[in-house]
Amino acid sequence: MTAQNSDCWRWQEYHRVMPGKSYTSNDVATAGIDVGSVGSKAAVLVNGEIYSWGITRTGSNSPESATKVLDWALKDTDIKQSDIKYIVGTGYGRVNVPMANKALTEIACHAKGANYIWGSQVHTVLDVGGQDIKAIRCDDTGRVTSFLMNDKCAAGTGRGMEVFADLLKIPIEEIGEISLKIDEEPPAVSCTCVAFAKTEAVGLLRKGWSKEKVIAAYTKAMAVRMSTLINRVGLEPALVITGGQSKNIGIVSRVETALGVKCLPTPNWRENELDPMIAGALGAGIFAKALYDKSQTQ
Amino acid sequence: MITVGLDIGTQSVKAIVLNDDDKILARAQTFSGFDPAKAIQDVIEQTLKTAGITQADINAFAVTGSSVELAPSNATTVSMMSADAKTATTLFSKVQTIIDVGAEEARAVKCDERGIMTDFVVNERCAAGAGTFIEAMARALEIKMEDMGTLSIKAERASSINASCVIFGESDVVSLIHKQEPKHEIARAVYDAMADRVSSMVHRLGINPEIVLLGGVAKDIGFVTSLKRKLGVDILIPEFPEYAGALGAALIVAAKERVR
Chain A
1 MTAQNSDCWR WQEYHRVMPG KSYTSNDVAT AGIDVGSVGS KAAVLVNGEI YSWGITRTGS
61 NSPESATKVL DWALKDTDIK QSDIKYIVGT GYGRVNVPMA NKALTEIACH AKGANYIWGS
121 QVHTVLDVGG QDIKAIRCDD TGRVTSFLMN DKCAAGTGRG MEVFADLLKI PIEEIGEISL
181 KIDEEPPAVS CTCVAFAKTE AVGLLRKGWS KEKVIAAYTK AMAVRMSTLI NRVGLEPALV
241 ITGGQSKNIG IVSRVETALG VKCLPTPNWR ENELDPMIAG ALGAGIFAKA LYDKSQTQ
Chain B
299 MITVGLDIGT QSVKAIVLND DDKILARAQT FSGFDPAKAI QDVIEQTLKT AGITQADINA
359 FAVTGSSVEL APSNATTVSM MSADAKTATT LFSKVQTIID VGAEEARAVK CDERGIMTDF
419 VVNERCAAGA GTFIEAMARA LEIKMEDMGT LSIKAERASS INASCVIFGE SDVVSLIHKQ
479 EPKHEIARAV YDAMADRVSS MVHRLGINPE IVLLGGVAKD IGFVTSLKRK LGVDILIPEF
539 PEYAGALGAA LIVAAKERVR
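Chains A and B supply the protein sequences, listed in that same order. Under our numbering, the first residue of the first sequence is numbered 1, with each subsequent residue one higher. Under our numbering, the first residue of the second sequence is numbered 299, with each subsequent residue one higher.
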């Protein structure tokens, strides 16, 4: 799954159909579409269980991105868009999902999706998106009880990691492992402003730091910002991370160190397990199923 | 006596050569790039050549800026705020409030009538409010940075953008373009947002007219227009605002050298 081209700093687009699942016209298909600031994700569920998903980049046009990612999630399945009974849109571009029956906030969807992926023991969810970080508290059913998000500054978000990956020409999928290839953990960089990331990195490389050490210092600074947000909302175990950075072992391990707790393990998304990046879309698809059921009883 | 003033900024290096009467004999600037040591050497050589002198003629060497550690070891370090204060009070006699907006930092400096810095506020670690903001927004608007100022002053009103962060602002600009908002209104929003941040720093120090604006961004008509509107007072700008740091540092060190 490694990308070698000039786009190595972006998460690769892919789609997957869960093995061993089937769909007939008697089943209820629902979908969740999460149009994020950087990536768009769609999850297709059959009878409330994950069936397939797709991850694409968000283009400049949200409706087009939503259409594209849903087509992508339905690729190689027996389900057509017209078979889908209910669609919930979420994420930064949720009001621009033309085929959605309803739009819900990504906070509710991420908590619900995390509850599905890891189970009822999840009580704190850190969602690291392309342009925001959210610390969410939820109950055993995945219902949100409180949350905090950074909305004034992009420091510590996935976008910052992308800028570093691009600058140092390291695939985003590998940047976490590379950040751990150091003899000793360097101090965190003093400035996490995404717009200054380039100057910061160039300055450290000039000082003779290795690429690994520069990434380690930046990853640490990001993890510190995330941990501060979690502490402010109040950490109640178990903790999980969703969004692209949940797949960055450098981030996960440093958040664990900063907070002194272990996160529930990231599913093996490279194989046949769920991808924590789709938690929002998955949660939206679960809400879609509940909303469909409700509409049938009325 | 020949004095060289060097300003090593985050984006460019500026050098200035003064004669015994503090008159500017030469000035030059270049991008720092990946090899700032070479950039420093280049600007010094260029100014010496223009001034028609050699290294051996230099009597005093002053340095200021964000990367003073890269300067030759014989250089005397001057703080950026002190350099701002010296330049402003030398060029404009009654000035006590100085604003300096560079590529990655904006600051407001207060000084007494002798040109000694007494207080300052700095916007650091955040690109919103510095030149980088304009650069990023020009890129998002797909226009040249040097054209953005003239474009913005045509606008009667400003669009609404998130001004707290360059990255968020960039997303806003992209979606405004898709909504087909006029580019000049978006451009004005960018400058208004910057002017808001900068003027709030000035207000924290208290406004004492006259106000002087220094730094590379002082050459941007869009920013200057928005800042004047926001502060409601006139702003003085020297001929070469981007050399304010190098000049101030050189003036301070030259004065000390004369006393010795």
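Keep in mind the hints are simulated off the structure, nothing from the lab. Among the hints, a few may not be true.
To be verified - Cut-off 30 angstroms, straight-line C-alpha distance, at most; resulting in silico cross-link-like pairs (DSS-like, lysine-lysine): (1) A/Lys-75 - A/Lys-152; (2) B/Lys-481 - A/Lys-198; (3) A/Lys-169 - B/Lys-392; (4) B/Lys-477 - A/Lys-68; (5) A/Lys-85 - A/Lys-152; (6) B/Lys-392 - B/Lys-321; (7) A/Lys-198 - B/Lys-517; (8) B/Lys-392 - A/Lys-213.
Against the structure, the hints:
1. A/Lys-75 - A/Lys-152: It is violated: about 38 angstroms lies between the C-alpha atoms, which goes past 30 angstroms.
2. B/Lys-481 - A/Lys-198: 27 angstroms, holds
3. A/Lys-169 - B/Lys-392: Violated: A/Lys-169 and B/Lys-392 sit about 52 angstroms apart, past 30 angstroms.
4. B/Lys-477 - A/Lys-68: 21 angstroms, holds
5. A/Lys-85 - A/Lys-152: Given that 30 angstroms is the threshold and the Cα spacing comes to 38 angstroms, the pair is violated.
6. B/Lys-392 - B/Lys-321: 20 angstroms, holds
7. A/Lys-198 - B/Lys-517: Status holds; Cα separation ~24 angstroms.
8. B/Lys-392 - A/Lys-213: 50 angstroms, violated
In summary, the numbered hints that this structure violates are 1, 3, 5 and 8.
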